[in-house]
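K.L.:
Residue numbers (numbering that gives the first Met the number 0), protein chains in the order written: chain V, 0 to 120; chain R, 0 to 120; chain C, 0 to 120.
Mixed in with the good hints there might be a few duds.
Copies of the same chain are indistinguishable here, so a pair counts whether it falls within one copy or spans any two.
With a Cα cut of at most 30 angstroms, we get these calculated DSSO-like pairs of lysine-lysine [claimed, not checked]: (1) K97 / K1; (2) K1 / K56; (3) K56 / K97.
Hints are computed from structural coordinates only; laboratory data are not their basis.
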Amino acid sequence: MKIQRHGTTRRYSDSVSHAGSVYLVEVPQSTEADIRTQTREVLDSLERLLAQAGSDKSRLLLATIYLRNMEDYDAMNELWDTWIPEGCAPARACIQAKLAHPGYRIEVVLIAASIPDSPAG
Amino acid sequence: MKIQRHGTTRRYSDSVSHAGSVYLVEVPQSTEADIRTQTREVLDSLERLLAQAGSDKSRLLLATIYLRNMEDYDAMNELWDTWIPEGCAPARACIQAKLAHPGYRIEVVLIAASIPDSPAG
Amino acid sequence: MKIQRHGTTRRYSDSVSHAGSVYLVEVPQSTEADIRTQTREVLDSLERLLAQAGSDKSRLLLATIYLRNMEDYDAMNELWDTWIPEGCAPARACIQAKLAHPGYRIEVVLIAASIPDSPAG
Chain V
0 MKIQRHGTTR
10 RYSDSVSHAG
20 SVYLVEVPQS
30 TEADIRTQTR
40 EVLDSLERLL
50 AQAGSDKSRL
60 LLATIYLRNM
70 EDYDAMNELW
80 DTWIPEGCAP
90 ARACIQAKLA
100 HPGYRIEVVL
110 IAASIPDSPA
120 G
Chain R
0 MKIQRHGTTR
10 RYSDSVSHAG
20 SVYLVEVPQS
30 TEADIRTQTR
40 EVLDSLERLL
50 AQAGSDKSRL
60 LLATIYLRNM
70 EDYDAMNELW
80 DTWIPEGCAP
90 ARACIQAKLA
100 HPGYRIEVVL
110 IAASIPDSPA
120 G
Chain C
0 MKIQRHGTTR
10 RYSDSVSHAG
20 SVYLVEVPQS
30 TEADIRTQTR
40 EVLDSLERLL
50 AQAGSDKSRL
60 LLATIYLRNM
70 EDYDAMNELW
80 DTWIPEGCAP
90 ARACIQAKLA
100 HPGYRIEVVL
110 IAASIPDSPA
120 G
């Protein structure tokens, strides 16, 4: 099975697909922004990356959400809870951690299904 | 291939299965309890969730264990080491991190195989 | 599909393969060493484990890098960026976290593809 990558640099790819699963990691672009702006940026970007990889936010399997400060938990969840299509929430872990850039308040890792549902599955 | 979810809320699912793998995340129920009680609760719950998804603790692929305090490492491992069937331990990472609820001393993420072993692989 | 494990103890396996994916976690051996030595040890060991599992560093899907101290980020990346074959970088998250042994400055979790590429994939 072929590996497909998007947004590949020397260090990382934006997404990597293989064997019906796609792996994505996203951080905010606006490192001075508040948690709402950063969460919105990350979710919007993940939505584009999912589409690029032949998946979408109704097909998430596992999400890992890293927050620089757990006090941002409720504000992040306000956006998350409306972003996730009803009945489609992935398994999800959320932990506090210092991230690579001091301006990042959130980093999200997703594993999603990249092959469309089929009754034969 | 079809995605199957259990325990789905607006925010997360207890488990999500796809393409022969199942993804699970669990936290303790007793937020005032010590690490032994919380670890026992989490492992017991994961065992039920694995069964519900057509898997079991002999088929774990990757475990990520988040501990609020690394001083709980030895006590957690006492339970972990006896919970894992001999010869079946998954790849495993264990890190310290502040978790979503101040009473959580442990959070466990599992990826497991959901299709039974067969020589025809 | 069969699960294949290498380096299995009561607590963890060095690698576990299933359904075309392999899961690996590695920590340094030299707990007194600096970040360059530890990163080199971890990447060398992961390379051996990948080979043992029928994969290699050109087939990484997702990497999670835990650093004890984010000040080690640039030194770790110097080695990472040359270790990754050009055009083959995985999705990657990097966070700061206290690890199981106080001497560990780095811990790396990989998910890789274990089935060779084929146009039929």
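K.L.:
If a hint holds in the structure, say so; if it doesn't, say that too.
P.N.:
Hints and how they fare:
1. K97 / K1: neither (34 angstroms within a copy, 36 angstroms between copies)
2. K1 / K56: both (23 angstroms within a copy, 15 angstroms between copies)
3. K56 / K97: Both. Shortest intra-copy (26 angstroms) and inter-copy (27 angstroms) distances satisfy the 30 angstroms Cα cut-off.
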